[in-house]
Each structure stands twice: as structure tokens, then as C-alpha cells.
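Protein chains: 2
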Amino acid sequence: MAKAPVLTPRAEDFPRWYQDVINKAELADNGPVRGTMVIRPYGYGLWERMQSEMDARIKRAGAQNAYFPMFIPQHYLTREAEHVEGFAPELAVVTHGGGKQLDEPVVVRPTSETIVNEYFSKWVQSYRDLPLLINQWANVVRWEKRPRTFLRTTEFLWQEGHTAHATYEEARAYAAMIHRDVYQNFMEEILAISVVPGRKTPDERFAGAINTLTLEAMMGDGKALQLGTSHELGQNFAKAFDTDFLTDTGGRAHVWQTSWGSTTRMVGGLIMVHGDDNGLRIPPRVAAVQVVVLAVKEDEAVLAKVRELGEQLRAAGLRVTVDDRVDTPFGRRSVDWELKGVPLRIEVGPRDLENGSCVLVRRIRGEKTPATLSSLAATIPAILEEDQALLLRQSAEFRNARTLDVDSVEQAHEAAATGWARIPWAKLGAQGAAALAEHGITVRCLVLPDGSVPDSDDAPDSLAIVARAY
Amino acid sequence: MAKAPVLTPRAEDFPRWYQDVINKAELADNGPVRGTMVIRPYGYGLWERMQSEMDARIKRAGAQNAYFPMFIPQHYLTREAEHVEGFAPELAVVTHGGGKQLDEPVVVRPTSETIVNEYFSKWVQSYRDLPLLINQWANVVRWEKRPRTFLRTTEFLWQEGHTAHATYEEARAYAAMIHRDVYQNFMEEILAISVVPGRKTPDERFAGAINTLTLEAMMGDGKALQLGTSHELGQNFAKAFDTDFLTDTGGRAHVWQTSWGSTTRMVGGLIMVHGDDNGLRIPPRVAAVQVVVLAVKEDEAVLAKVRELGEQLRAAGLRVTVDDRVDTPFGRRSVDWELKGVPLRIEVGPRDLENGSCVLVRRIRGEKTPATLSSLAATIPAILEEDQALLLRQSAEFRNARTLDVDSVEQAHEAAATGWARIPWAKLGAQGAAALAEHGITVRCLVLPDGSVPDSDDAPDSLAIVARAY
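Chains as they are written, first to last, in the numbering used here: chain A, 43 to 512; chain B, 43 to 512.
Honestly, the hints are just simulated from the structure, not real lab data. It is possible that part of the hints are untrue.
Because identical chains cannot be distinguished in the list, a pair is counted as satisfied if it fits within a single copy or across any two copies.
Each computed DSS-like pair below joins lysine-lysine, with the alpha-carbon atoms no more than 25 Å apart [said to hold, decoys possible]:
1. K265 <-> K66
2. K347 <-> K410
3. K142 <-> K187
4. K265 <-> K187
5. K164 <-> K66
6. K265 <-> K469
7. K101 <-> K164
8. K281 <-> K164
9. K66 <-> K410
10. K66 <-> K339
11. K410 <-> K339
Please work from the sequences and hints to get the whole structure.
Quick look at the structure:
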């Protein structure tokens, strides 16, 4: 059956394809207040799976969840000079509460370093209270001038980690560990997105940090998207909020801190890395529905079989939906599941049933093959893992093919039309970066030739990855 | 070892005991903006377990999670007349965003019926789209004049369910099912809190509802706390937002709706129902730490044993902490775990070890008994279930002993000094209720003599439960 051309082709208009996918796959709607979004059940199901996998990694990293109020007194923000400068233009301000004008306006958290430090100052007394490792799942608000669903929204959902340590070295090692073992591991193992770990240049750092580590991914149009950052805060907030402690030698010292976050923008990244002209391709490990079992048409034996199969596959630990809505044409349902990117479809019709077979559609590789019904429960787990691995491989290959090593600002500019450029940082410098920025091309991060992360701003052999970015 | 009198005794000053427990067990701190709270890891751990158990029940009830923006255009609120009247005095209003005054102020959601209906109107086209069953986990803001940690806070965390149905009967049945199979089941099976299901009088209904079902629990001082409500909204919001659909007979009709919520106030209820003068008593099913294995003092064999035991018990599926902080006096650690209400403590010292034994402290019944180390993994699961059941029984017995059947407003007033009164609603009436309200005593709900929930406001044999309430 011919497929309806429901989506704008990616090559024709990538941003429009992206919005088409979001609308047609029922991932999200625009909210009534500009820049906000309604995350619909199919989109939220992705976020729930992400949360659960991310949360498990954060807990393994030793952090505990907590919850801080979203209302922050305005004067907190001003205590750390760079921080307020960075966030002031994006704040939402509550001036009235309970029918009265407030004595001091409160801001809705754009991030929680300030309010967290206020409490760390109370909770940390001595070196025995360190390290203090906290994470929170929350909504935050940053007023967006150019909103785009999932990627830049005025309100978004995220986790933010906040930790305090006794020494510079320990804080530094913790930020690097989160970057690697929590974020990079999650992006690659669960989202099947190959990412480039790197260091932000001083200009691109988090407001108030002494170092920002980032993970950059290439989208289907060659642009970059930052997915997860981990910051060394040094003692900046500790000094601003006087977060100090009794050291093991009887002195007093300010704590060394980290913060790190990952957000609902990962849903946008997932769409733009794996999606194709037929819609989403969801990695099996993050899919709320891994397998859909479809009855091709109304037929008692077929309906009984798809339901039985659903139970069997669920018993095998798979996340399964049975589509027995035979009053809707099979073609339309099939296109819809294709669009929604469910990794595996099992199509069962009356003739298949007679032969003890079915059609297996592997969404990720776009393959349709006949299969034996009785073998499905045994073979599907391995098939899903194969396709999960394929997505990761494809995302790495796509990025590698579109990343050019260049030698000049001009070449970098040219390369950024279709992908990324890698250029010696010593050659580009702040001046070259500024020249590129005029064309909307930015330094995404610094990396070392062997792929590792530079441990200082001026590591001599650093390479800059430059690209257009979301 | 004598225990330090860390808490105000409950009989001396119950509200102060409550705050003492919250502070000393490190459940929460007051936030910087009046009425807000910081939920600390030990408190948030309780909430996480509650979320996970509640979420599973909500999903079994067929609802899917989604997320709606927290910013609601002010004019949405005014569309449903009773709704705005109920919530206007409690709103937080954002007047500035992104450095500019907003054209229309936005309110921070006090609840989401209005914004949800705006989208339900788009998503529901025909009877085939019904029922639509949505839930969200979110923060909400209601400006509190008399805040109290967990019980009444300006910002709190909750889940709010919102559903749309084709018929009055179906909506009604769904609200009742949530009330019974999700909320009552959760309170009793997980929180071990015996609750009275009932119907709110018209005066106590949710603003905009045609019926509110409630679950009321008796706290340790005899007052009532409302834990979870389920509302029939009728067609009030559907008409205000024009949420209508094509019926199966080709006509158009407004949907029938429900909404239902449960909040972080349940943490407060848990403290006040089960706590005693030594601190919390956490029901095993909701405890983030079910068992703590304590090394009594520094001793190599003891330390090795407690760690090994920890592993063994974890392998048996238990949530276990090993307390090997032998540089802190055993007495202090022991009092602290008592305070934190961990259901089971296993204390291992050098002499115990020689005998292959330990001391088992059952926090919930306050019993200390010797036990054989080798039998623990096999016996503990049943012990925890026994103590879970005991808490539920105790909470029912306590309430029953303090609930009096009375015949007059005067007797009801008197009974409310120490507990609840049950009085025929026909005898009390709106006038009697108003007289009691002057003394801070309110009608918590209406019930039928057999314990079931009246299905109308004027069911002739309804009994009113009256009490002081949080």
C-alpha cells in the first residue's frame, strides 16, 4: 500500500520536517504562552524512559534526589556577578502573590545554583559532611526569544546536579566522571547518539563556571546540538554564599563545586539524529513501545493471535502494544506506527496465520521480512539490540563523514554549510571565532587530537569543532 | 544506652513535635520565600517511593502521563466562574519575562483544569477519541497565608489526573474508581494509613466540580487530614472551553470530565499518623531504607560481617543501608536511625559475632530481640510485612477509638477536642456546620452508615464526619 506523503522531506526543509514530525507523531503542541510547550503522552513516554535511565546512572554516581523551591528571591541571583549577567535577560519575575504586590519580587528558577548554595551553606559544617551530592528533577524557565519545540522552550524539564567537595581535584574529577559515565554513557548506550565530548571555550561557559564540559551531537542537517553539560564551579558560588567548612586540619575553607544538567531538548536531539523522511526512528532501549503487533484485518483467529502474541512478548520482557483497531484501515495504522518510529512491527493477516508466519517490519533498517510466529519471542530481543547498535553506528558514521579537518577560517566557514569543521584552536583563536560568529557559526567545543578532552583553556594542541548550532 | 530527648513529646505540643521530626530527621527545610520548602534527600526519598507506587496504579487505571506548561494566561482562569473565585486569592502572577513587562500577565498554575481543557478541545474530535485519560506529575503554586511544611506550602508537588468521557455515568464511575482503586488502595496498602472515603458537602467541593470524593485520615492528635481527592467536573469546564465531540449517533455533545490529585502533603500525613515520641516510623513498603545494618564498634570481623550482610539482604530484594561509621558513637547513630524511622535495625557487635547472633530492633513495634545471623535473609521479608500490617491496624484502631457517634452540635463540638464526631447530616445541616465552623471545626465528609460513599448531596441517611483539620 502506498504511503501518504505526510511529512515535508528533510532535504527540502529540515526545520519544517522537524515540526511536522512533532505534530504528526503527537509528541508535543505549542503552549498558550509563547515559547512554552505541551508534552503529549507519546513524547512524555520518551522523556519518562530517559528519566528512568538517567536517574539510575545519577544514583550510581552517588547523588541523591532532593527538591528546591522554584521561587528564588531576586537578590540571590545578584550575589554571583557573572551568573546574574548571564541569566538576567531570561528571567520570569513574579511580582504579585496571594492578591498582593510582593515586598521583593521573586524569580522563577532559570537554574538553581544560588538557592542550592544558600542551603549547602547550612548543611555543610565540617569535612565529614563532604562530598555533598544532590540532584533534582524539575522545571525551569528561561524566557526564549526564538523558541523551538524541545530545543529552546521558555519552560523546560531537566535534571540538575549540584555537588560540593573538599578539594579542587575532587570536584574536577567528579564533573569529568558525570560527563563521561553518566551523560556520554547515557547518550550512547540509551539514545544511540554518538557524541563528541569536549571543553567549552571561556566565551561559551556556563555563567559562573570555571570550566564547562559538553557533549555535542550532529543533527540530520549537519548542525550541532549541545546535549548535557557538566560544570566546574570552582569556589565562585561558595564565596558568594559563604559555603565553607571545617577542614580535617582544623582550618576553614570554601567548598569546591560542580553542577550539571540534561534536559527535554534531548527529545529534540533524538528526533533530529535518527528521524528519516517517514518519521521517527526510536532506539529500542528508550522506546515506550518497542514492538507493535498489528492485526491486518478483522478476523477472529487473527485477533486472537495478535492478543496472544502480545501477551507472549510482554512475558518475554518487551514493551508491546497490540493494534487490533481493525475498523481503521491497515494502511493508515501502518503509516502511523512508521511515523511514530516504533522499532518493530509484527503484521499478522489471515493468510499469514495459515502458514504460521507474519511480516516483520524493522523500522530502523527499513526492512520487511517474513518470519515464523513461533520463533518471535526468542529472536526479537536480539533484533532490537542489533538495531539499537545500528542507530549508534549510523550516527557516528554520519558525523564522521560530515566533519572536515580544515586549516583556515574560510575553510571552516565553508565546511559549516553542510557539517562540522575541526581546526587547530591556536590557528582559529578568539579572533577567528568572532569572525565565524558573525555568520552564525560557533565554536562548539575544544578537543584533543586523540578525542580526549583538553584539561585547560590553552592546551597547545587543542582542536576547535566549529558548526552552526541549535 | 539512654536516648537523648531530641524531640518535643507529642502530648506536650504536637505541632512542635511535628516540626522537630521534620528538622531532626532531615526531611525538609523552610524555603527562602515564605511558605516554600526544600525537600531534603531523606524526605524526597519517601516522595520518590510514593510516586513510583502511585504512578503504577495510575497507569493500571489506564491514564498516560503528559506535561502541560505551568504558565497559564490569566484570562483562562476566568472562563469558569466558580473556579476563578476559588483560586484567585491564591495566585502567583508573573508580570515580567525576558526583561519586559508582559502584555498579559500569566499565572503560575494552581491546578491545570483550564489549560488542560484548552488542549482537550483540540485533541478530542469524535467519540473515538474518548475516553481521554491523562495524568501529570508537576509542581503547583497556591499562595499560603498560614504555611506548614508538607501540609500547606505555597509550592507543592503533586500528580493531577484529568479525564474526558462520553457520558455522565462513565465519568462518574471513573472518578469513583480512582478514589477507590488508586487512592484508597495506595493509602492503605503502601502508606499503611487507614482512611475514611467520603463525599464532600457542596461548601467543601473543589471550585468548579459537581462532586468531590475525599479520603480523610486521623492524625496522631485526633485532627483530620484530607489525603487525595477525586472530582466529577460534570460539563462545567467542557462548556467553558467548548470541549465537545462528534457522538456515535452523529450529533455533538460536551464531554464529561474528572480530575483528581494527591500531593506531597501525604509525607506530612505519614509523619503525623505513624510517628511517636522517638521520631518517624516509616512503613516498610514506602521506606527508601528498610533495613540498616549497624556495626556496633570498630572491629575488623564486625565490619566485614555487616558489609557481607548488607550484600546478602540486598540480594534478597531488600533496600538496605550499612552503617559502618564506627568513628561516630554507636548510641548516637542508633538514636538517629530510630528518629529516621527505619523499620528494622540489625546491630552487630564483636560478642554477637562470636555467637553467630545479632540484635534485631523492630522500630515499628519498639521491640529488641536477639536473632541468628544466618536466618535473617529468610525471615526479614515476613517481619517487614507484619510490621507494615501492624501500622495499618494501629491507624484504624486509633481512629475508631477517637471517633464518637453524637446526636447534637454541642456533642460534636466536644468530641472534636480529641478526635472526630459522626452525626446525622440531616440533624447537623448547613446551619449546624456553620456554627461548628466558628470554632474551627468542619465537616470533613459525608458517609453512609455501612461505610460506603453517598451518591448524592441529600442521601437521607448520610452521616457527617466533623473534626478539626489541617
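Going through the hints against the structure:
Within a single copy, K265 and K66 get their C-alpha atoms as close as 23 Å, which meets the 25 Å cut-off; across copies the closest is 51 Å, which misses it. Within a single copy, K347 and K410 get their C-alpha atoms as close as 20 Å, which meets the 25 Å cut-off; across copies the closest is 57 Å, which misses it. Within a single copy, K142 and K187 get their C-alpha atoms only as close as 29 Å, which misses the 25 Å cut-off; across copies the closest is 12 Å, which meets it. With identical chains, the CA atoms of K265 and K187 are at most 25 Å apart within one copy only, with a shortest distance of 20 Å there and 50 Å across copies.
Proximity of K164 to K66 under the C-alpha cut-off of 25 Å is restricted to the inter-copy arrangement: shortest distance 14 Å between copies versus 49 Å within a copy. For the identical chains of this complex, K265 and K469 are intra-copy neighbours only, at 22 Å inside a copy versus 73 Å across copies, given an alpha-carbon limit of 25 Å. When the C-alpha separation of K101 and K164 is checked against a cutoff of 25 Å, the pair qualifies only within one copy, where the shortest distance is 23 Å, while the shortest distance between copies is 39 Å. Taking the shortest alpha-carbon separations for K281 and K164, only the intra-copy value of 14 Å comes in at or below 25 Å, while the best inter-copy value is 51 Å.
Taking identical chains as interchangeable, the C-alpha atoms of K66 and K410 lie at most 25 Å apart only when both belong to the same chain, with a minimum of 23 Å there against 62 Å between chains. Within a single copy, K66 and K339 get their C-alpha atoms as close as 24 Å, which meets the 25 Å cut-off; across copies the closest is 63 Å, which misses it. Taking the shortest Cα distances, K410 and K339 sit within 25 Å of each other inside one copy (19 Å), while across copies they are farther apart (65 Å).
No hint from the list above goes unmet by this structure.
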